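Start from the sequences and build out the full structure, keeping to the hints where you can.
Here's the letter readout for the chains.
Protein chains: 2
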Amino acid sequence: MKLDLNIKKPTTRNAKNTFAEIERGAIKLFYERGYHNTTVANITAEAGVAAGTFYLYFPSKIVLYQHILGVFSYNIRKYIAERVSEKNTRYEKEREGIRSFFEYMIENPEMYNIIWEALYIDYNLFRQYYQTFADRYVVGLEEAKKNDEIRDLDSEVIAYILMGITNFVGLKILFDLGNNNIDIEKIIDVIMEFLEKGLFKENAH
Amino acid sequence: MKLDLNIKKPTTRNAKNTFAEIERGAIKLFYERGYHNTTVANITAEAGVAAGTFYLYFPSKIVLYQHILGVFSYNIRKYIAERVSEKNTRYEKEREGIRSFFEYMIENPEMYNIIWEALYIDYNLFRQYYQTFADRYVVGLEEAKKNDEIRDLDSEVIAYILMGITNFVGLKILFDLGNNNIDIEKIIDVIMEFLEKGLFKENAH
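Quick mapping for you: the protein sequence lines, in order, are chains A and B.
Numbered by numbering that gives the first Met the number 0, the letters in the first sequence go through residues 0 to 204 in order.
Numbered by numbering that gives the first Met the number 0, the letters in the second sequence go through residues 0 to 204 in order.
Derived from the structure by calculation, the hints contain no laboratory data.
Keep in mind that this is a model prediction, so the values were computed, not measured.
Do not rely on the hints blindly, as some may be mistaken.
[What the hints assert, rightly or not] Okay, derived cross-link-like pairs now, EDC-like style, lysine to aspartate or glutamate, Cα gap no bigger than 16 Å in a straight line: (1) A:K27 with A:E45; (2) B:K196 with A:E22; (3) B:K200 with A:E22; (4) B:K144 with A:E201; (5) A:K200 with B:E192; (6) A:K196 with B:E142; (7) B:K200 with A:E106; (8) A:K86 with A:E148; (9) B:K200 with A:E91; (10) A:K77 with A:E106; (11) B:K200 with A:D147; (12) A:K196 with A:D151; (13) A:K7 with A:E22; (14) B:K200 with A:E148; (15) B:K200 with A:E45; (16) A:K8 with B:E142; (17) A:K200 with B:E141; (18) B:K196 with A:D151; (19) A:K144 with A:E91; (20) A:K77 with A:E102; (21) B:K185 with A:E155; (22) B:K196 with A:E142; (23) B:K185 with A:D151; (24) B:K196 with B:D151; (25) A:K196 with B:E192; (26) B:K196 with A:E201; (27) A:K196 with B:E201; (28) A:K200 with B:E142; (29) A:K196 with A:E148; (30) A:K200 with B:D153; (31) B:K196 with A:E45; (32) B:K185 with A:D147; (33) A:K200 with B:E22; (34) A:K8 with A:E31; (35) B:K200 with A:E102; (36) A:K144 with B:E201; (37) A:K196 with B:D151.
What follows is the structure, encoded as structure tokens:
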């Protein structure tokens with residue numbers, strides 16, 4: 000996501016701490032109350048910093064939100080990419096990508112709320128978020144096609160299909176967290192079987 | 000979705016018109032500004048009805064929102080079910096279900112916003128919305144399993160996989176609407192090929 004955000008990056012150690020506290024406070028409040036119900040004053044109070052401090056770094060609440068969305072986008076992709084890079088085949092990469100997405104989501108349950116809220120804050124930001132994610136996916140899928148690992152289907156549609164699968168099965172996992180019956184490896188097994196052979200039996204139509 | 004909503008249903012023709020205008024106004028404003036930025040006074044003004052009228056039918060804004068979510072839930076399922084019932088095999092039903100979901104979404108682009116906003120209004124409502132949808136899906140999948148049409152995979156996980164595919168490819172279609180290159184039948188072809196044979200070539204791992 001290429002955003003020209005008018006943010007003043009902190010340089011001193013104290014300033015870095017303040018900046019980090021503002022980020023942390025904003026993530027907490029955007030998650031708990033939503034963007035629209037959170038004021039800049041709420042954020043500085045939650046962060047435990049002086050009210051005026053906010054504007055030393057961010058010109059507005061929306062710029063802070065864009066910054067946080069960018070940080071999530073970067074962190075998720077980095078978290079997944081590091082794990083996936085250790086795998087060789089597209090099959091193994093896909094499995095590891097799905098597993099690491101679920102892991103990241105369970106550790107950062109505020110992720111869904113903050114990302115999807117873009118739909119209500121700035122539609123273009125929401126669109127850009129998923130299109131950026133899809134564009135990166137397409138690169139990997141095209142490579143797998145060249146290696147004859149996956150079938151020759153439109154890579155962009157496949158990217159959205161795969162993002163849909165992980166996001167919605169991820170939702171289901173979040174719904175069921177705390178339930179004793181949940182076995183994430185078994186859920187990943189179902190997804191991989193589905194990716195291997197599809198849903199339908201041969202000659203089902 | 001079973002909700003015990005404390006709504007007073009209109010009985011006279013005039014009352015029915017007022018009720019419908021409040022629904023229409025609320026859908027428009029929830030879509031344009033979001034739930035939290037819309038007041039009851041905004042809704043009655045948009046609907047062109049007297050301010051006090053609202054409370055003749057709805058005890059609160061949240062109850063109106065729940066009512067609208069229930070109406071969307073019912074209408075989408077009805078729209079899809081009517082078209083799907085004319086098809087015989089699970090393969091044809093699935094194709095028709097996906098096509099009619101996309102059609103409904105294109106005709107009602109406010110649908111996504113209003114449904115996903117439940118995540119920010121009432122998490123349990125959001126969860127219940129998708130779980131209800133999944134539960135209905137499971138019934139059809141179990142039948143298809145009995146008929147030996149689909150492979151023996153966990154039906155609930157498959158329901159979330161299929162909902163994820165239609166919702167995310169649907170997003171992609173909304174992103175691209177107005178773009179000349181968009182061909183929805185071709186997109187559905189890709190999904191169906193994916194559902195038929197999966198993503199990976201044989202022995203890809």
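| request: Could you tell me which of the numbered hints above are not met by this structure, giving the numbers in increasing order? | output: Violated hints: 2, 3, 6, 7, 15, 16, 22, 31, 32, 33, 34, 35; rest satisfied.
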